[in-house]
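Full structure from sequences and hints, please.
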Amino acid sequence: MNQENYPLNIQVAKIMEQLGNTRGAMLKANIDYIKFREGEESLVAIEKKISELGFPVTIRKFRSLKWYPEALSVLIVLAAKEIFGWLDKDIFDMGNSAPKSSLVVQLLMRHFSSSKQSFEEMPRYWRANFDFGELEAFDFNDQAKDFRIRITGYKFHPIMCMYYAGYFLRIAQFIIRSEEINIEEKSCVYDGGVYHEYEITWK
Amino acid sequence: MNQDKPLTPEMQRLQEDLEFLEGYLNEFSEFLPLPVCTVNPLNIILGVNQSFQELTGYNTIEIGGSNVAELFLEKSEVGLFVNEALRDSKRVVKEMTLSTKNKTTIPVSVCGLSRRDDEGNFIGYFLAISDITEVKKFQGELEDRVRAKTKDLEESKLALVNILEDVDEARIRAEDEKNKTLAVITNFTDGLLIFDKKGNLALVNPKAESLLGIEAEKIINNPTTRIKNMPIFGPLAELIGKKTKAIQRAEIKLKDNLVLDVTRAPIIREREDIGFLLVLHDITREKMVERMKTEFVSLAAHQLRTPLSAIKWSLKMLLDGDVGTINQDQRGFVEKTYNSNERMIALINDLLNVTKIEEGRYLSNLALNDVYEVIKSVIDSYKDAITKKNLTVEFNQQEGRLPKAKIDAEKIQLSFQNLLDNAIRYNRVGGRITVGLKLLKKENSIEISVQDTGMGIPADQQARVFDKFFRAENAMKKDTEGTGLGLFIAKNIIASHGGKIWFESEQGKGSTFHFTVPLG
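One line per chain: the protein sequences are A and B, in this order. Position in the first sequence counted from 1, then plus 2, gives you my numbering. Position in the second sequence counted from 1, then plus 19, gives you my numbering.
Be a bit skeptical, because a hint or two may be false.
Unchecked claim - Some chain B residues near chain A, calculated using beta-carbon distances under 10 Å: (1) THR57; (2) ASN62; (3) ILE64; (4) GLU73; (5) GLY76; (6) ARG134; (7) ASN140; (8) GLU492.
Unchecked claim - Calculated cross-link-like contacts (lysine to any residue; reagent style SDA-like; alpha-carbon spacing at most 25 Å): (9) A:LYS118 - B:ASN86; (10) A:LYS118 - B:ALA88; (11) A:LYS68 - B:ASN86; (12) A:LYS118 - B:GLY139; (13) B:LYS331 - B:ASP275; (14) B:LYS335 - B:ALA365; (15) A:LYS37 - B:ALA365; (16) A:LYS37 - B:GLN69.
Claimed, not checked - Examples of chain A residues toward chain B, derived with CB under 8 Å: (17) ARG112; (18) ARG129; (19) LEU171; (20) PHE176.
Hints are computed from structural coordinates only; laboratory data are not their basis. By construction, the Cβ of each residue, glycine as well, lies at the ideal position given by its N, Cα and C atoms.
Next up, the structure:
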């Protein structure tokens, strides 16, 4: 049975088994998006839901540069999906929106002087945001207009594949000058892969 | 509930510093009243502060990741702004138009500050956006005012140009008129001397130069006081020096062979006296002709009167039977001849009187005389004629005896006789004649009047009644015997005495003639 098909409380138990922290910036970005989509009051519902799941939190106390369990970030995404009935597209948009309000991303953008250089700096993005796993960027081809990123050591929940597709697409949108940029997950740990691999193409 | 990892004290301190820095940045971002956004070299918006969100209406999620050019109406200029300005210089400012989320447009001043990494590579820029609506509004109002003022000035300029054109046209017209006037003055057949308001001689035309034998340029601008003392102007001095607004005329003999009819007239413009002019009309030839005519008439009259007197006495002798009896038919012829001769003598006498008047040698016997007696003697002498025409004569004399007047009795008699003769001659049969005599104490003179009930004088001919040889049309139709000299003579006699003569007349009802003689 697919992980996504279990009840949320059972999924939570499985998620919480996973170790690894992320910057508060990631959580705050998600919270900002929920607030943007569903309004200020929606945050109370999120707090309540997460508390019901056994992890009481105070959203307003999140700090961008502080470390929090990645599992909490995943819980916020799942809570939003359940409470507001979001679809995969909404989760993708949530991930796509996250870098916009991420202080960490803005700080890292300081290393941008060209698309290629920014591409090369992408592993640093991962390390700046997560204290586990690894991101590898490779095959940057300015002529073919594509590159790939590979994430190893990340297996919290399948929904996050959609989330990070949106997230890395935004990073690509920040560093590639193109009106049309696409992302596709070529390999996934939930489909038997040993890593997540995304291909970014543009026109 | 974060999964805290064990941190070294140094890491812990750094963590706290970062958190503090984040809090500071957030507070600063929220406090900063200037809308600011962070943009990467691809012109992608990475972040915005609170003021930016308030100004544009976009929050971070909505605007983050967008091309900054989308914020402005001048999209193409943003690229230039970044490429040409920000990449080369650190800070640039440009005015643009911000397009907000709700589609309103706001004039803004955009200040760009380029960002560079440690190696000097361009890594993006900050944009600070200032709402300059009020500035623009003020600027717009100022420009409107300047435009309005400019328009006013242009209209004023246009109006001024039009006025100047009108003035120029008027000047040209005035110049033209002046030239025409000067041409008229220059070619005028009479001499003209024009004096300005201050009494300086302003203009002398060529004819005046010729008549006076002067050169205009030598005497122009001289005051009347000096002009009067110049020998050539001697005879004109009195006229030039007069202080009067009335038109004055004088006949002036300037030299032996030069007689001028000089008119002094004020020059009035819009009720303002701006000087006067002297018109010098050469009447030398007229005077010579007149004198020759007078001499001829005098000579002819004298030469005619002697034989006419002889004829008169011869006819008288025939009528009185001194040379024998004549029958009735013969008497009739002789009487007609006698009467015609009498008229001829009267005409000759009138002509001689006129001649004397024109020669200025008419009055000779001024003495104190009783005017009543003078008048009465004339009335008495016309008894037969009055009776013959069945006229009633009323002689109204003021009560009390009138003082005597210093007059030439014979001439006053002749004047009154001419008036009475007309009153009889042109009266209707059975009409009335009223003779009045009264003292005018105020004027120290005696007024004599003769009123008749005759044909009267047509109104359109009354102005010429005292002219020499003038006879009214209705009088000529009724009586062909008048000479037209009687009233002319009377007028001159009265004028010579310093008196006045006038009349009232209505055609078909009669006339009243008055004259006065000073008591002396």
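Tested hints:
1. Because the beta carbon of B:THR57 sits about 6 Å from the nearest beta carbon in chain A, less than 10 Å, this interface hint is met.
2. The beta carbon of B:ASN62 is positioned within 10 Å of a beta carbon in chain A (closest approach about 9 Å), and the interface hint is therefore held.
3. Because the closest C-beta pair between B:ILE64 and chain A is about 8 Å apart, less than 10 Å, the hint holds.
4. The interface hint given for B:GLU73 is violated, since its Cβ lies 16 Å from the closest Cβ of chain A, which is over the 10 Å cut-off.
5. With a cut of 10 Å, the hint placing B:GLY76 at the interface with chain A is violated, because the nearest CB-to-CB distance is about 14 Å.
6. Hint status for B:ARG134 relative to chain A: holds, with the closest Cβ pair at about 8 Å, below 10 Å.
7. At about 4 Å, the closest approach between the beta carbon of B:ASN140 and any beta carbon in chain A falls short of 10 Å, and the interface hint on this residue holds.
8. Given the 10 Å rule on beta carbons, the hint for B:GLU492 is violated: about 118 Å separates it from the nearest Cβ of chain A.
9. For the hint linking A:LYS118 to B:ASN86, the alpha-carbon distance of about 20 Å falls within 25 Å, and the restraint holds.
10. Restraint check for A:LYS118 and B:ALA88: the C-alpha separation of about 23 Å stays at or below 25 Å, so the hint holds.
11. For the proposed pair A:LYS68 and B:ASN86, the alpha carbon gap of about 30 Å is over 25 Å, so the pair is violated.
12. Between A:LYS118 and B:GLY139 the alpha-carbon distance is near 17 Å, which keeps this suggested pair within the 25 Å criterion.
13. As the CA atoms of B:LYS331 and B:ASP275 are separated by approximately 43 Å, the hinted pair breaks the 25 Å bound.
14. The straight-line distance between the Cα atoms of B:LYS335 and B:ALA365 is roughly 16 Å, inside the 25 Å bound, and the hint therefore holds.
15. Taking the CA atoms of A:LYS37 and B:ALA365, the gap is about 144 Å. The hint is violated against a cut of 25 Å.
16. The suggested pairing of A:LYS37 with B:GLN69 holds, with an alpha-carbon distance near 16 Å, which does not exceed 25 Å.
17. Below 8 Å, beta-carbon pairs count as interface contacts, and A:ARG112 has one with chain B at about 6 Å; its hint therefore holds.
18. Interface restraint check for A:ARG129: the shortest CB-CB distance to chain B comes to about 14 Å, outside 8 Å, so the restraint is violated.
19. Interface restraint check for A:LEU171: the shortest CB-CB distance to chain B comes to about 10 Å, outside 8 Å, so the restraint is violated.
20. Nearest Cβ of chain B to the Cβ of A:PHE176: about 6 Å, under the 8 Å cut. The hint holds.
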